[in-house]
Each structure stands twice: as structure tokens, then as C-alpha cells.
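Number of protein chains: 2
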Amino acid sequence: MSFPPLDVLTIGNAIVDVLARAEDDFLATHAMNKGGMALIDEPRAEQVYAAMGPGTEISGGSAANTAVGVASLGARAGFIGKVKADGLGTVFGHDIRAAGVAFATPAAADGPATARCLILVTPDGERTMNTFLGAAQSLAVADIDPAQVEAAAVTYLEGYLWDPPAAKTAFLAAAEIAHKAGRKVALTLSDSFCVDRYRAEFLDLIRSGTVDLAFCNEAELKALYETADFDTALVALRRDAKEAVVTRSEKGASFVTSGAVVSVPAVPVERVVDTTGAGDLFAAGFLAGYTKGLDPASALRVGALAAGEIITQLGARPQRNLLDLAREAGLIS
Amino acid sequence: MSFPPLDVLTIGNAIVDVLARAEDDFLATHAMNKGGMALIDEPRAEQVYAAMGPGTEISGGSAANTAVGVASLGARAGFIGKVKADGLGTVFGHDIRAAGVAFATPAAADGPATARCLILVTPDGERTMNTFLGAAQSLAVADIDPAQVEAAAVTYLEGYLWDPPAAKTAFLAAAEIAHKAGRKVALTLSDSFCVDRYRAEFLDLIRSGTVDLAFCNEAELKALYETADFDTALVALRRDAKEAVVTRSEKGASFVTSGAVVSVPAVPVERVVDTTGAGDLFAAGFLAGYTKGLDPASALRVGALAAGEIITQLGARPQRNLLDLAREAGLIS
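Protein chains in written order, with this note's numbering: chain A, 1 to 333; chain B, 334 to 666.
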């Protein structure tokens with residue numbers, strides 16, 4: 001197949017989020033790590049779903065959210081990920097295409113159902129995620145169309161893809177295709193527990209240059225280098241990574257290389273409703289700016305704007321047009 | 334089956350809402366009546382869904398929303414309505430039970446899919462609804478358990494039930510059971526286009542005393558009596574109905590009988606996000622107060638509070654506990 005050029009192609013788990021409000025007690029009773037993402041099997045998914053409150057279903061998936069954010073900022077975005085041909089799979093496909101993202105991965109005809117993430121949002125806006133990977137696990141090398149990867153300036157991979165075994169191979173194949181075409185490969189570390197599971201492999205991806213641009217938040221960075229000290233971890237990252245973006249919630253964010261650190265403050269937010277998608281949308285904003293040729297500080301500012309917007313609403317898909325917001329803020333012309 | 338006593342049992346279409354933001358242009362292009370509810374078939378549902386933006390799925394259905402509102406106000410609520418045993422049917426059943434509503438109607442094993450309502454929310458917060466009735470159409474007399482109706486102080490029926498032919502019979506059977514048990518029957522007129530379709534029958538239900546308590550908004554009232562003059566319509570309603578509640582958006586609401594009119598103002602709202610469910614939740618608040626033995630003005634105030642709350646959020650299922658809000662406002666002890 002031939003593909004039109006893309007600014008950003010993201011590859012990740014195709015997931016529909018089921019969001020419900022919950023008290024902190026609920027997390028304790030159900031042995032959940034507040035703020036983290038746990039992989040759960042189908043029986044556990046049924047048990048958590050039965051216990052949780054009324055839900056709101058919104059398409060999600062970390063890399064998919066990033067692709068939607070990139071498109072909302074007026075850049076050309078694509079997504080590769082696996083759903084099943086079922087009700088939630090239809091919802092996922094509709095939503096990402098309706099957001100202007102190219103999505104051509106064929107849905108699985110059989111096997112497990114479309115992935116869902118049961119997200120408990122506590123009164124402080126923090127989200128605790130329980131993911132049943134379902135059909136997303138079957139993403140394989142055959143789903144990576146070389147022509148689409150070659151047509152994308154940046155191919156962005158989520159660390160969560162390291163969980164489903166077949167996806168890992170697809171991930172590495174995509175990186176190789178991208179590099180052969182002179183394109184860049186980005187990786188988000190996704191979650192500190194994910195980093196704990198795959199520390200050595202993530203470090204190897206970064207140190208070997210398989211990844212050109214790494215995204216992480218403070219907790220993920222500390223987990224990567226097994227230190228409680230942010231500055232120690234940052235020094236290590238600057239030594240290991242070609243380029244990296246580190247987000248620190250209300251403390252702002254930085255773009256780092258071995259030679260430089262560029263930092264910007266967070267965008268102030270009146271009321272945090274739900275932090276789901278903050279990291280995904282920061283990456284979207286940065287990548288939209290980066291592929292547009294903005295300088296690192298300006299690209300970071302677009303990231304901070306997108307992240308600040310997404311936490312004022314429920315779910316990780318922007319309800320307002322981010323390009324309009326970025327233009328109002330004078331960040332993109 | 335034996336059922337615990339209920340304050341309010343609602344019977345209606347079991348529907349999952351798919352909400353998306355849209356510009357007014359979109360409504361015009363797709364020949365939709367702004368603010369109304371249109372019944373659509375499956376091909377039209379697919380066409381509208383393909384054209385509309387990314388969605389948020391939240392359980393809905395007018396009478397189901399009312400039952401959830403009643404439960405959120407601490408009263409005992411039940412719901413009867415038909416889903417299919419499919420993905421959205423599971424979502425509907427989970428959500429209404431998780432909200433504390435008794436829901437025992439068996440899901441259809443085959444036939445059309447669970448009903449969905451494609452709701453376009455324009456920038457002014459107004460909602461325009463396109464309903465594919467699907468499995469909800471197969472609600473039948475066999476789904477009405479006499480014991481549950483007998484156990485409910487008020488059985489509340491939605492006018493939309495007049496659309497699926499089998500449901501009409503179920504509706505009348507429920508009203509008869511309720512009256513034989515000395516219970517009350519309430520009806521919402523649902524929508525002015527629905528009133529246009531069934532004017533004579535609705536008037537007959539009200540005049541014959543099949544309905545003890547009618548709910549309508551200003552547009553529905555005018556449609557019922559085919560007049561543009563509110564006062565003329567109100568005089569007619571007071572002549573025909575035993576008891577009625579008339580809502581007038583920001584102009585407040587009234588409880589009327591042949592002998593009296595009691596009015597309360599609307600609850601001021603800072604920012605209207607989505608008017609979906611305003612009428613459903615007004616009815617919930619009024620019925621929760623009414624079955625608790627509050628005087629009409631106080632019951633109207635609970636209705637106004639619940640309606641005011643629901644329009645500040647997306648979807649027709651309250652995200653905050655309405656009993657807490659009613660207690661803060663000093664309306665329910």
C-alpha cells in the first residue's frame with residue numbers, strides 16, 4: 001500500500017477506556033497501586049468492572065491518544081494497533097478516524113475481545129488503570145506496513161508495547177524500517193511499573209540508539225535509574241539518550257541532550273478533573289512542534305499546553321481543538 | 334418473583350448514548366431538528382455515526398436516567414427496559430446497577446443490537462438526538478413483573494415508549510397493575526415531536542386518568558394543545574390532568590392541579606455544558622421529593638437542583654451524589 005506522508009506515526013495498544021469515579025478506599029480494597037497501570041486478565045477485569053461505579057467509555061490507549069493529540073494540533077498523524085471486530089473495536093476505529101488520524105490496521109476476526117482499561121479516577125483527579133489487553137496483544141510484525149513507517153517523520157512507540165510478546169517484535173521491526181528510511185524513532189517509558197518490568201531492555205533501546213528520542217516523567221526516570229534523586233537520574237539520562245523529554249507535572253518539563261537542558265514551566269490549570277492522558281498529550285504537543293521545526297523550548301510549550309488542557313476534562317481525547325488553543329496562545333502560527 | 338418496596342419504578346427504552354460535539358452546520362447538513370429526538374433505522378445510524386466526531390459512550394435512556402437520579406437522591410428506584418446481550422447491553426446493565434437501581438429485565442438473546450442514541454452537542458450545550466431503538470423495541474408485556482409494579486409507589490413511563498409498538502401494550506399493562514394496587518402512574522411527554530406523533534393518545538391517557546401525574550416542558554405542553562400560547566396550554570392542562578409538572582428551563586417550573594399552581598425558579602448555572610438529561614433529572618428530583626412526602630414546592634426545588642446539576646456535565650447520568658447536593662442546599666434532611 002502507498003501512504004501519504006505523516007509527521008507522526010504512533011504504534012501502541014488499541015484500548016477503550018472505561019472511566020469511573022472512585023474513593024481512595026476502593027483502590028485499597030482492591031489492592032490497586034494508585035497512579036499506576038496494572039495488567040489484568042479477563043476474570044480480574046470482570047471482577048473489577050462489577051465492583052466499580054457507572055462508567056464512561058472513551059477511546060484511549062497511550063500512543064493512540066498521542067496520535068489524536070498530534071492531529072488536533074494540525075499535524076499529520078497515523079496509528080497502528082490491534083482491535084477485535086466487536087462493539088468496542090468499532091468504537092475505537094470510529095473515534096480515532098473521526099479525530100483525523102490515519103488508522104488502517106485490520107481488526108482481528110476472532111480471539112480475545114478489544115482491549116479495555118478500567119480507570120478509577122479519585123477525587124484528586126489521579127487515575128489508576130487496570131488494563132485487559134485482549135486483542136491488542138495480537139499486534140504482530142504483519143501489522144506494520146513498511147511503507148507507512150517510511151512515510152512518517154517520527155515513529156513513536158509506547159513502552160506498554162513491551163508487555164504483549166508479539167508486539168515487541170513488531171516494535172523492533174518498525175524501528176529498523178524507520179531508521180533505514182532516515183526517520184526518527186521515539187519511545188515513551190509509559191509508566192514506572194512498566195519501567196520496573198523492562199528496565200534493562202529500555203536502557204538498551206536508549207543506549208543502542210534504537211530510540212532517538214525518549215519521553216518519560218519524573219517517576220519513570222527515577223525508576224529507570226533506580227534512584228530517588230532526580231538530578232542523579234537526569235545526569236544518567238543525558239549520558240545515555242540522544243534526545244529526551246522529561247515531564248514533571250506542575251514543575252514543568254525539560255528537553256535534554258548530552259550538551260543542553262531546555263526547560264519550560266507547566267501551564268497553570270484551575271481545576272484538575274482527570275489526569276488521564278497528561279503524558280500522552282504532552283508528547284503529542286512536543287512532537288507536533290518538533291516535526292514542525294519549532295525550537296525545543298517552543299515545542300515543550302506546545303506539549304505543556306496540550307497536557308494542561310487534557311487534565312481539565314474527563315478522558316484522554318481532547319474535546320477542544322488544540323490547534324485553536326495553540327494559536328490563541330501564540331505558540332503555532 | 335418478590336420485590337422489595339420501591340419509591341419509583343421507571344419503564345422506558347434502554348439506551349446507550351454516544352455523545353459528540355458538533356457545529357450547528359452539521360445538524361443542517363444532516364437534516365436534523367435541533368433540540369429534538371429523531372428515530373432512525375440502522376443504515377441511517379451507521380451513516381450518522383460515520384459522519385460524526387469522536388464519541389463518548391454513557392448509558393442513557395430517558396426513564397433510565399430518571400431512575401438513576403432517584404437512586405442518587407437516596408430513594409429506592411427500579412427500571413424496566415430491554416437490551417440485547419451484547420457489549421453495549423453489558424455496559425447499560427452494569428451502569429444502572431452500579432448506580433443503585435434495581436434492574437431485572439432479561440436481555441434479549443438475539444434480534445437487533447442494544448439501542449443507541451447518537452447525540453450531537455452544539456456549542457450552546459443543546460443536544461440533538463438520533464435514536465436507533467434496536468433491542469429496546471422488543472420490550473413486551475412479559476417483561477413487566479406485576480409484583481415489581483405493585484411494590485412501587487409510583488410507576489413512571491416515558492412517552493418515547495409509545496414508539497415501539499409492543500412496548501405500548503406493556504405500558505398500559507403496567508398502568509393497570511399499578512392502579513389495581515392503589516399506586517400512582519406518571520408519564521413524561523418526552524419530546525415535542527413525540528407529542529406530535531401521539532397527541533390524541535397522550536391526551537386520552539391524561540384525561541382518562543390512566544396517568545395521575547404528567548411531566549412536560551413548555552414545548553411539549555404547547556405541542557400537546559397545538560397552541561403557541563403558554564398560558565392557554567396551561568389552562569387546558571389544569572383542566573385535563575389530575576396533577577402535572579411543567580418545566581420551563583431558565584424560567585423555572587410549576588406543579589399544577591385544577592385548583593392550584595405552585596412555581597419555583599430555576600437553579601442558576603454558571604456554564605451549561607450539555608443539556609442532555611435536564612428533563613429526566615428534573616423528574617427524578619421531583620419524584621424523589623414527592624415520594625418522600627415533601628410539599629410540591631419543595632419537591633420542585635429538588636427537581637430544579639438535579640436538573641441544574643446535570644447540565645453542567647456531559648451525559649445524563651449524575652457524576653456527583655445528588656443527595657449530598659440536596660442536603661447541602663437544605664432541601665432534604
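Any given hint might turn out to be false.
Not the full set, but computed from the structure, chain A residues with beta-carbon under 10 Å of chain B [stated by the list, open to error]:
1. Met52
2. Pro54
3. Val68
4. Ala102
5. Thr105
6. Ser208
7. Gly209
8. Ala219
9. Thr312
10. Gln319
11. Leu323
Stretches of chain A that chain B covers, calculated by requiring three or more beta carbons in the stretch to come under 8 Å of a beta carbon on chain B [said to hold, decoys possible]:
12. 57-66
13. 132-145
Just so you know, these hints were derived from the structure itself, not from any lab.
The beta-carbon is built from N, C-alpha and C at its ideal position, and this holds for glycine as well.
Tested hints:
no.	hint	verdict
1	Met52	7 Å, holds
2	Pro54	4 Å, holds
3	Val68	8 Å, holds
4	Ala102	15 Å, violated
5	Thr105	18 Å, violated
6	Ser208	37 Å, violated
7	Gly209	36 Å, violated
8	Ala219	28 Å, violated
9	Thr312	12 Å, violated
10	Gln319	6 Å, holds
11	Leu323	15 Å, violated
12	57-66	holds (count 3)
13	132-145	violated (count 0)
Going through the hint list in order, the structure does not satisfy hints 4, 5, 6, 7, 8, 9, 11 and 13.
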